[in-house]
Each structure stands twice: as C-alpha cells, then as structure tokens.
Amino acid sequence: MHLAYPAVLAALLFCTGLYGVLARRNAILVLMSVELMLNAVNLNLVAFDVWLSEAAQDTLHSGQALTLFTIAIAAAEIGIGLAIVLAVHRNRGTSDIDKLRDTAEGPEADGPDSDAAAAQADRAGKAEAAA
Amino acid sequence: MTLAVATAAVAGVTAAAPAHTAHTALTGAAAETHGFLSPTGVEIAFLLVGLVTFGAALVTVTTRQLVHAALWLVVALGGLAVEYLLLTAEFIAWVQVLIYVGSVVVLLLFGLMLTKAPIGRSPDADSGNRWAALTVAVAAAAALVWVVVDAFRTTWIDLDGPAAGSTAVTGASLFQNWVLPFEALSVLLLAALVGAIVLSRKAKAESSSPPVNSRATPGGSPTVPNSRNHSIGRKGSVSGTDPVEATSPGKATGSAVATSQANATSPVKAISPANTTGPAVPKPASQVKPASPAKPKPTGSAETATDLAEVASGPADVTSVPTEPGSGPAEAAADGAEPGSSPAEPATGPAKQEGAP
Amino acid sequence: MTTTTLAVLVPLLPFLGAAAGLLLGRTAPGFVRPLAVLPTLTALVLAALVAVRQGGDQAVDAHTELTPTGSVPVELALHIDGFAALVAVLVGLVATCVQIYSTGYLRDDPRYPSYAALVSLFTSAMLLVVYSGDLIVLLVGWEIMGICSYFLVGHYWETPEARAASIKAFLVTKLGDVPFLIGLFALATDTGSFRITTILGAVAHGGLDHPTLIALLLLAGVAGKSAQFPLHTWLPDAMAGPTPVSALIHAATMVAAGVYFVARLLPVFEASRAAMVVLAVMAAVTMLGSGLAALAQDDIKRVLAYSTIGQLGYMTGALAVGDRSAAVFHLLSHGAFKALLFLAAGVVIHAAGTNSLAAMSRMHGLRDRIPDAYWTMTVALLALAAIPPFSGFFSKESVLGAAEHVATGHTGHAPGAAGWITLVAGLLTAVLTAAYATRLWLLAFHGQGVEAADHGRQPLTMTVVLWVLAVPSLALGGFAYRSLPDWFDGHDLTPTLTTSVLGTGVALVGGLVTYAAWRHTSALAARAPLGAVAAHPEGDAGLVEAEAIASHAPVYGDVAYAPDPSDPGRLLLGPLHRHAAVGFHLDAVYAALFVRPVQAGASLVRFLDREVVETYVRGAGALPRLLGAAVRRAQTGNVQTYVSALLAGTVVLAVAALLVATGA
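Chains as they are written, first to last, in this note's numbering: chain A, 20 to 150; chain B, 888 to 1244; chain C, 6 to 669.
There could be a bad hint or two in this list.
These stretches of chain B come out as covered by chain C in the derived footprint (C-beta under 8 Å, 3 or more residues) [what the hints assert, rightly or not]:
(1) 956 to 965
(2) 1007 to 1020
Just a few of them, taken from the derived set where beta-carbon distance is under 8 Å, the chain B residues facing chain A [unchecked claim]:
(3) V984
(4) W1043
(5) T1054
(6) P1068
(7) V1074
Just so you know, these hints were derived from the structure itself, not from any lab.
Remember, predicted model here, so these are calculated numbers, not experimental data.
Glycine included, C-beta positions come from ideal geometry on N, C-alpha and C.
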C-alpha cells in the first residue's frame, strides 16, 4: 500500500480536528475535535509502524505500543476534560468556550491607575465565579 | 543489522534475497514493483473508507446538532478502526472500537447530556472564530499534505508478510519491551480517575452549600481545602475498586512472564518462581528475531538504567498504596528494572513520556 | 594629671554628658538634670585648673596625628594660651549657669532631656573651638555649634517664629561657613598646615600668598557666626528660642566663636590692610545699626540681641585696630554681663507674662516682684552702658583706647583709617548703648499702671545664678585690667584718660537724654492701653515665654515692633524709628536679593520640570502606550483566538523551516 494514503488521511483528519478545536463553541465539541486529532496521530503511528516493521524489521512495534498509550491517555484526557467542563458548567451555567474570558483585559482599563482597579474587579469576578 | 547480515552470510545465498529486499525497501528503490496508477484492492478499500472517515469527521466538526456530532464521531472513529484493520493492526483496531466507540463517545454523550446541550439544531454551535479557524486549518492541511506527499510519494507498505499488528505480536512487544511505561500508564489512568473524582466531588460539595452564602463571602476558598482533604482521605479506599487495577491481574501475569523471560539473570525470580516454567512460547520468538534492538546500543544501557531507576522510583511509592489486589508483578517489574538489566533500554523513550506529565 | 589631660577632658566631659543625656533621657528621667549640670560644672572646674596651671605663661601645645590625611595633615592639636584658657573658663561658667538656670526655667518641659543634652553638646563644641590648635578640628566644633543652634533656637518648634528663626539661623551661618571653609583651605594651602602655631609662624615670615583673599573669605564665616553686618539678621530672630539658649549663644559660645577665631588668627588678618579696614567698617556699621535698632525694639530679648550685635561690633573693632587683648577682654566681660542680662530677662518675662516692653511699661511694681532680677539686671545694664566701675567700662575703654592709639598714629598693626572708624563709631555707639540700656531699664522696671500680677517667687535655681553672674559683671573689669595683660599679648589695658572721659561722658549723655524723653512720654502710656500677658502665668518660665513669643505678632502686629506712643525710643529716633524697628529693612533687602530670586528660580525650575521635562516624559510614554492599547485589544480572553494565532504562527514557521531546509 502506498504510504501516502494513510499519511494524507491522517493529515486531513488532523486538520479537521484542528478546525473543530478552533471553531467550535461548545467545550464538549472541542473535546471531540481533540479526539479527532489524537486519532489522526494514531493513524500515523500505526501506518508507520506497519511500514517500518516490514521495511526495517523493527520488532519493537513502538508505533503500535504508542498508539495504545495514546488511546489510554486520550481516555484519561476525556475523563478529566469532561469533569472540568462539568465543573465549569455548574459554576458558570455555560460550557461555551468563548464566554470564559476571565483572562481578558477589562474594557475600562484605560489609564495606569485603572489597571489596579481592573485587576481588582477581575479578581472579584473570579471570586464570584468560584463561589 | 550487522547480526542479520552475518547470519545471512553464514546461511548462504538464499538468505541474501530477503536481506536485499529489506535494504531496497528502506531506500525506496523498489518502486518499480508497485504502480502508482494501478491501485491494489487494499488501497481502494482504504481510500473509500478514508473518504467516509474524513467526511464523517468533517460533519462532526461542522454540524449544528450537537448530539449528531457525537454520532458522526462514532462513524469517523469506526472508519479509523477499519483503516487499522486494513493496515493489519487488528489489536489496535479492536481497542479503538472498544475504547473510543464504546466508552469515549458514550462519555461525550453523557457530557452533552449533563451540560444540558440543546437537542436539535443550535444556531450558535460555531464561535465567531470560524473563519480564522478555517484559514489556519486549510493552511495547515495544505502544508501537511504537501510535505507528506512530497516525502512519501515513493514509499510503500508491504502488507504481505506476517501481520504487524496481530494480538500476539502486539502483546509480545508490549509486555516484553513496554512493560514499565505500560504500568506507569496505569498509574496515569489512576491519577486521571482520582482527578476526575476530585473535580466532580468539588462541584458536589459546592452545590450542597447554599449558593447565596458562598457568594456573599468574597472567596469560596473555605470549601476548597475541605473537599481536597476529603478526596485525599478517600484516595486509598477508592483505589481498591479502581477499574484499571481490576484489569491489571490479566496484564500482570503477562508482564511478569515477559520480564522474567527477557532477562534470565535479573532478580525477578525471587518474586515469581512459578512463571519460569509457564510461557515457553515467547522465548524462541523473541530470541530469533529481536537480537537487533538489544545490540545496536549497548552503550546506552548505563544511563538509561539510571533514568529508569528515577522513573521507577517515582511511581513505585505511589503504586504501593493501591496495588494490593494483584500488583505483585508491578513491583517485580520495578525491581527488575532497577539493576539496569536489558529490557530497560528500549523503554526509556515512553517511560520519559510517562514521567513528564 | 597633666595640663594636657585636663584640657582634653574639658570639652570631652560635656560631650559625654550630652551623649548620656540623649541616650538616657527617656529611660531614666531622674538622671537628666545631674547629667546636664555636673559634666558642665566639672568642665568649668577643670578649665579653671587649666587656666591656673597655664597661668599666662608659655602656651600649652600638644598634638597627635590619628592618621595621615593627604598633603596637609589634620591633627588633633591643643593650643592653650592665655586667651584660650580664660575664654574656656568663661564658657564653662556661662554654660554652668545656663544649665542650672534651665533646670528651673524648663522645669516642666517634656523636651528638657534633649534640650539639656544639646546645650551640653553646644558647650562641648565651643570648648573644642577654644582649645583646638588645628583649624579642621576647630571647624568641627564650629559646625556642631551651627547645628546645635538650629535645634536649640527651634526648641519651641510649635510656633512658626521658632521654626523660621531656626532655619534662618542655620542658613545664614552656613552662608558664611562656605567661604569660611574655602578660606581655611586656602590658608592651609598657603602655609602647608592646619596647625595654628604653624600658620602663625608662616605668617610671621611672610608666607601668605593671598592674604587679602584669605582674610576676606574667613571674615565671611566670622560675620556669619558672630552676627556682624551683613550676616547678623539671624541673631534677633534667634530670640524665638528659650532665653537660656539666647544667653548661651550670645554670651559665651556661638557669637564669641567668630571673635575668638579672629583673635587667634589676628596676624593672618593683619597681613592684609584691606581686610583690617573692611573689618573696621563692618564693625562700625554693625555697632551703629544695631544701636539704633535696639532703641526701637519692643521685645526685651530683641533689645538685648541687638545690643549683643553692637558689643560684638566693639570686639571686631578692637580686632580691626589689631588689639586682640582688648577684644578678648571685652569678650570676657561682655560674656558675663550679657549672660546675666539674658537670664534676668528670662525672669522678667516669666514674672510679667510678656516679652513686650510696651506691656511692661504699663505694669506697676514689677521690680518688687523680682528684686533679684531687678538688681542684677541693673548691674548688668550699667556694665553694658560702660559706666564705671562696672566691668563693661574697663573692657570698652580698652577697645576705645586701642582705637585711639591707632588713630593717633601708632599704625604698626593696623591702618589709621581703621582706628578712626572704630573710635568714632565706638563713641557714637556708646551713646546709643547707654540710651537703649536706660530705655530698657525704665520701661521694664518703672512702668505705671495696673499692679503686676503675683506669680510667686521665682525658682531658686534661676535667681542664684543671677547673683553668681553679677559678681563678674560688677568687678571683673576693675580687678582684671591690671593682671590680664600678663595672660594676653602684654598690651596695656588700663583706661586712658581721654577715652574714659569721652566714653563715660557720652554714655551719661545718652542715659540722661533717654531719661528725659521717658519723662516726657511716660505720661502717654496711660492714654494708650496696650499689652497682653501669657495665658498660663502659673506654668514654668519656658511655657510663658513660648506663649509670649507666639502672641507678640498677633497682638502688636510684628515680632519686633509695638505701636506704643509712650516709647522714649520713638521720640529719640524720630522718623528713623520705623526703619530701626525692622532692622533697617535688611530682611526685606535680603528677601529681594536672595529669597525672591531663589523662589523665582525655583518656580522656573518647577515650570521647566512640569511643562518641558514632563512633556518629554509623556511623549516618551505615548508610543508604548499606544502600542500597549493596541496589544491590549488583542487580549480578548477568548482562548480559541489565542490558539488560532499560535497555530497560524506554527504553520508559518514550519513552512518557512521546510522551505529553508529544502533549499527552495
């Protein structure tokens, strides 16, 4: 089999996932897109492992082992990610990524004096969010 | 390689042919045996399934119905499983089906449900960033496809030999060379589990306290240490029912066997004397073929041994708490790794990856 | 103990007392008074011992060099001749009296510990100046006195007058100290040493290259310290300090330091005739101006302050005619009676509850309330007016005699012009001195009107020292003028007939004219009610004085002046009175010459700083500010935007790296 097939498919899947990460609003959809990206990497790993195990007589099967690891890590990541999304949803009432803007510069932060006030307001907002 | 060439020279002329093919396959000079415009059946199947997978992935990231996105993700991941099968990686394919299709998507659906995701079309599924995202994604895709095609246009995968990803081969590799990272991975999963529990418990403790009161106080901090202490206190009892640990006895026997086989001189015997008789099968397989991985880098063993010792000392104290059910092998692996015996060498790469997070 | 050891102990003891007082002042209040009085008293005894041992013979010289200090060595040196020994005794006596007096005067003052320690330090610094044989060591004492005067004049720092006066005293004396320092360096460069004996030896051999320059530079510092025209303006204002401090500064320490310094280095000044003439003119202007101003002052202490300036003028006049024996003789007798005058004035202010002569002149029977102060002050005023046989007469006659000696042609030491200037000015000032002394005495003790309030007897510590000081005021001159030449240069200090008759005559004339004027004007006093007394007459004298000072300007319109038609000085001075009351507008001149240009410069600098420099600063900040605003807009908080930018950059970098790697 031509190696370009799986490689190109992996690249396309990766970029699809990339688009999803960048464009989706719901945090769970972003997680799904991350899964897509991880799977693209997995496909690459498997394809190259198969290629190398024949071509270079590589018997370590590092590609497949790493694929398994990636799958396990992805499972862990999805668990933690969902827990975080749930916590955020519970605290903020939303799971939309573009509404979580605590790191934004406040609009009233204009002069050097108002920086402190903005930081204070920011902190207050965060405390409120944590509550 | 040198060993292979040496054996070939001893065996005679007949052995020269595979050595030659291996060499040409590496350099890519054997392109004439394959036609670029005459795809084989496997390639056509791969292409078709790939199209379906890619299309499903596209729909996943563009659909406005959130639940549908999860279902289309099932299609994409399933398609990938088929691709794995086509690449002769059957074990990976089944793991893909089991874990991704079976559990991850279900988890995602649960997440959608718990966050009260709207059923049906939601007009604001995409953020205002989509055009920038599209630009970046298309540019990245163009660059990647260009690079990949340019680099591998004369490279071919030989799918005819023994299956590279059969369960036996994968298992042998995994529990022969990748034992330590594998066990570290189990610790990672445990940590992820504990983390997920902490996060959701924190939310529960938060919701049980009156929201008005906690908002009136400037910081909700008093509840945080409480929940944290609580979760730590619960850690020991939780680990006993850990699903990962529950599956570990199955792996554990294998790992113990593989370890004891690979290094006959290692002090693992004291722990698992019964294992030496059991798995006689992997031994010849691993002796015929993998002479090469141990040999090319004999100098690296000293430093990798120290690296491994560090990695092993890290998880060793952590695992000592939850490993009562069937964790004898895990300790055996750790013990076996510390003297710096032979299986340590290939494990350094993944072991460091495990250690880093 | 050797004389040198004793002499070292003399300045050291008050210094240690000051240090101990400052350290223990808060923790052990019971030790403060012994620590203030005993070291000073011991220093007096030791100074007297040193004087007896020295006895006017060969000067005691001792020196040690602690460390090499470059081209011109600085040594810890003692040089005790007759001048130093006797002046040290005077300093010790006055300081002891002041310390004892202060224990009563500032009995309830919460800041007494630091006050007493500073007075000790002041005394120690003056004794250092007196004994020092090295000019740099002398300068140390000189500057310590400057800073101590700043603290002590500002003792009542709650009042704005005291704050302003302390700063003024410090700045004006420092204004003189800068050229003084340069002059010292120039002198040391010319002679190659800071040792007084070496310098005098060099001068005797004509070793000075720039005598006039050095002398004039040194004169600036002397004028600042000794309150000579034109740097005398700090001294009347320094009356805002407590009366004992005034006594200390005026009688023995600070103002005497300048005269003493010139007396020590008189050959340096004599090397330049121009400097001597300048000294004489300075003395004459100082004498006459201060005499006129004293006649117009309303504050009893300001009268005494101007009289100090005038008497210092006599001393500088004596120096201008090259007779330092006369100068130091007058310094000694003046120290005694001026200390007495100030301390008695403190008692008067306490008893009267006011420092205004106009208010006192409307008070009946003040002299019966404070008979000690009345009698001792009478003695001191007679000494001031140079009436025989009081001590002031002899010392002043020695000055006038020396001036006449030079004026009549004995111009070996000094130019004849200096003699004439000093003689004429001295005689005119004798009239004025007698006039304001009489005026002070009449207004303070012979007022008519309501009965003076009775605040009880004055503390014993305050009255005893008056009598102690009255003895030298009365008798020092008469007994000492014969023996003093043995201690000094050997100049004859006996009064000559001409100047005695002339001086006493003009003094009597001045006194009688003032008495006549007072007779004429005192009838007006009843018709122009005036005056205010302190709100807390039962408080200690320091509190009464502080209140009197603080209330003078609000009540009478000025710190120095009162619109009193019954003032004999007003009649005597006529149109001059208005100008004399404010010190002949010298403060206004200074304000126009120095203060306003400095303020204008300050406002110019302020303008430049605010408008010009700040514009550049703002301009420099504008561009980063705009950039910051632009970058800040990118901080939307949307993580997806950040990641998009990050990945776009990654793609660009990867493509670039690829193109470079493939050589495209």
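Hints, one by one, checked against the model:
Evaluation of the coverage hint for the segment 956 to 965 of chain B: breached, as 0 residues show C-beta separations to chain C shorter than 8 Å, against a requirement of three. For the segment 1007 to 1020 of chain B, the assignment as covered by chain C holds, since 4 residues bring a beta-carbon within under 8 Å of that chain's beta-carbons and 3 suffice. Interface hint status for V984(B): violated, as the beta-carbon distance to the closest one in chain A is roughly 11 Å, over 8 Å. Interface hint at W1043(B): satisfied, since its Cβ lies 6 Å from the closest Cβ of chain A, which is below the 8 Å cut-off.
For T1054(B), the interface hint is violated, the least distance from its beta-carbon to any beta-carbon of chain A being 11 Å, above 8 Å. For P1068(B), the suggested interface contact is upheld, since its CB lies about 7 Å from the closest CB of chain A, less than 8 Å. At its closest, the beta carbon of V1074(B) sits 11 Å from a beta carbon of chain A; the interface hint therefore is violated under the 8 Å criterion.
Against the hints set out earlier in the document, violations occur for numbers 1, 3, 5 and 7.
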